[in-house]
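Same order as they appear, the protein sequences are chains A and B. Counting with our numbering, you get residues -17 to 375 for the letters of the first sequence. Counting with our numbering, you get residues -17 to 375 for the letters of the second sequence.
I should point out that these hints are in silico values taken from the structure, not numbers from a laboratory. Every value quoted in this text rests on a predicted model; they were computed, and no experiment measured them.
Where chains are identical, the list cannot tell them apart; a pair therefore holds if satisfied intra-copy or between any two copies.
With a cut-off of at most 30 Å between alpha-carbon atoms, the simulated DSSO-like pairs for lysine-lysine come out as follows:
| hint | residue 1 | residue 2 |
| --- | --- | --- |
| 1 | Lys248 | Lys27 |
| 2 | Lys338 | Lys310 |
| 3 | Lys27 | Lys338 |
| 4 | Lys338 | Lys248 |
| 5 | Lys310 | Lys27 |
2 protein chains.
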Amino acid sequence: MEALLRPAVRSNVISLAGGIPDPTLFPVRALGRMWHRALAVEDPKFLQYGSPQGDPSLRGWIADHCGAAGIAARPDDVLITSGSQQAIDLVARTLVAPGDPVLVESPTFLTALDVFEGRGANLIGVPVDADGMRVDAAAAVIERYRPRIVYTIPTAHNPTGVAMSDERRRRLAALARQHNLIVLEDDTCSEFSYDGEALSAIKAYDSGGHVMFIRSFSKTVIPGLRVGCIVAHGPVMARLIEAKLVMDRFTSPLIQRTLWRYLSSKQYERDLRIARETYRRRRDTVLRVLEASMPAGVAWTRPTAGFNLWLTLPQEVPAREAFAEALKEGVACGLGDLFLPHTPPPSGLRLSFADKPEEVLAEGVRRLSSALRRLLSARSGQADEQTEYVTSV
Amino acid sequence: MEALLRPAVRSNVISLAGGIPDPTLFPVRALGRMWHRALAVEDPKFLQYGSPQGDPSLRGWIADHCGAAGIAARPDDVLITSGSQQAIDLVARTLVAPGDPVLVESPTFLTALDVFEGRGANLIGVPVDADGMRVDAAAAVIERYRPRIVYTIPTAHNPTGVAMSDERRRRLAALARQHNLIVLEDDTCSEFSYDGEALSAIKAYDSGGHVMFIRSFSKTVIPGLRVGCIVAHGPVMARLIEAKLVMDRFTSPLIQRTLWRYLSSKQYERDLRIARETYRRRRDTVLRVLEASMPAGVAWTRPTAGFNLWLTLPQEVPAREAFAEALKEGVACGLGDLFLPHTPPPSGLRLSFADKPEEVLAEGVRRLSSALRRLLSARSGQADEQTEYVTSV
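Extracted from the complex, chain A is given alone in its bound form (with noise of 0.2 Å):
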């Protein structure tokens, strides 16, 4: 059965590259009928010009939820956004002046680093091990160039899919309030935790107003609805609200409110209970079938939550090589180089593991495995090869 499958199979590449949720697992139904009950109950006015904050009673559940992370928000404390992306430009916009520096994980989220350059901003960055940002380095950066803004994703990284360990967050939130600086927490994926409850969120630690914590709806319900929020206290809030008015107005009132119809519901809970093992169980497989197939010098991280992990190449292997040859033998990953910024670019591919069934994930894994070991066997050779010459000169 397998051998009749495999040429099928292999006549397509496998995308480990996506970092995209599973549509398989999209509420489609549920949105559906939300959707209708929110225009059969609701007044049309709520169609009309809306409110840029966004939906009180979204707003208001956000607030609520907030809690699970340790922060305390009511619901004036809640802007809505299209997307957490919208969130990102936002702050970067209402904060960011060109010249202003702004410390970033090394690697990050691409296209957050597309906002801070848009704006002019000088991008620091700090390196990431298996605890996350490394925030002693942080504060010697925050030291010397007194960045205006700390943008982090302390959970579920991207692209590594480490966590940042809770003493980090500490000082790290103490840090900003030292020196009077905004940390940038974007959180998009804590609800897919799976090895237990995530960490409080660095907004936990917030007092004065220091941190502003990003929320998505992308990964927890669907992209399509482009619903996240930015929790924020202080006067800070006034302003993101001036800006978001003047970015598109407002987010559409029939979607946040089709939203918080789902949330408020007891499906979504089943819906993310079920999605989060079914997550949980393709990030084993993934971490099962690395253990078991990939050739000796490649490590890889074990991601506590979301949908990444990041695997590091020996260092005579450069990232670009390993993508093409894994793409010849049929499997794409993300390529690190694309995780920037980082002076050289790290030697790494991203792989995302959400949105494939399990033999779906095996399979491109043994064949990432099968292209690297190749790769590392010729490399050897030639390196054995180069010694000889210039043993021989």
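Mind docking chain B on chain A? Use the hints.
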């Protein structure tokens, strides 16, 4: 009966300030059906992370319907945005750098100015008369300041309701070509043309991609969908798409597909016809009551399209005073001072007539007339007193 009704009506202020469509005309049930059909028919993958340029079906519909405005466009010339506000913001972000001169009508749409000011543009106002922007004045300003962008609302100009003449449209397109600048043509209301077909768009006279055309579905369908678009030719489209990706990645494909299904149905044409007829009758009512009740010295525009008209007050009556007096009388207008840029502020008020039944509009205009009549007679009394005083000294 009217005597009984009056006090109840009087106890609430009638707002002619909105500039918004009438929610009782929103196609609520049709959108419910179309959303349902989109969710039932489409692959759930269409709810995944989507195209920053937008849904090809919707872009196709828009390209086809550009023909009515004399514009030749292919689907690839269309970029879907989250409302026309985002379209303006996208263009500004792509083309305007701090200090760039940007030419706008004076008065014009307030939130467009917020966008350009947010980019650090140097705004230059050009007066508007009964035939729209004074393109002769614009030509002189262009010669002198070499603006990068000329922003105009040639049809259903906001706030005045006037239409730019066909001759001026041709001339402005020629000026754009000659000086290698961009005309940003904002058209959110030409579907609501009340006296026959709308004029050709300025973009109909574009050759070489010097005109960008903005449309919106906020007025013709519902504001709460948040869909608009930019029609642009040439290499700038790639830059606009890149900017859209950074701002909010993409507009909800579910909303786009729902809208496309509605626009492609016979229901849309029927709904549009009914709305157009309703708004036309409301415009006629407001014009009739203005004619019957306004004191001498007050003038107003006769809009051929859109939701607004402009009331010019006698020089000696500041708009703020008229606004306050009208509010005392139980009617709210759009204060002219808000529609910048201008020095000195134009002594005018914007009256919006789309979102109220005719009898409410009539009552609102009568109240405004009473307020202005009282103000003018008090003022002429003051003037007399003052004259007496001057004489007696």
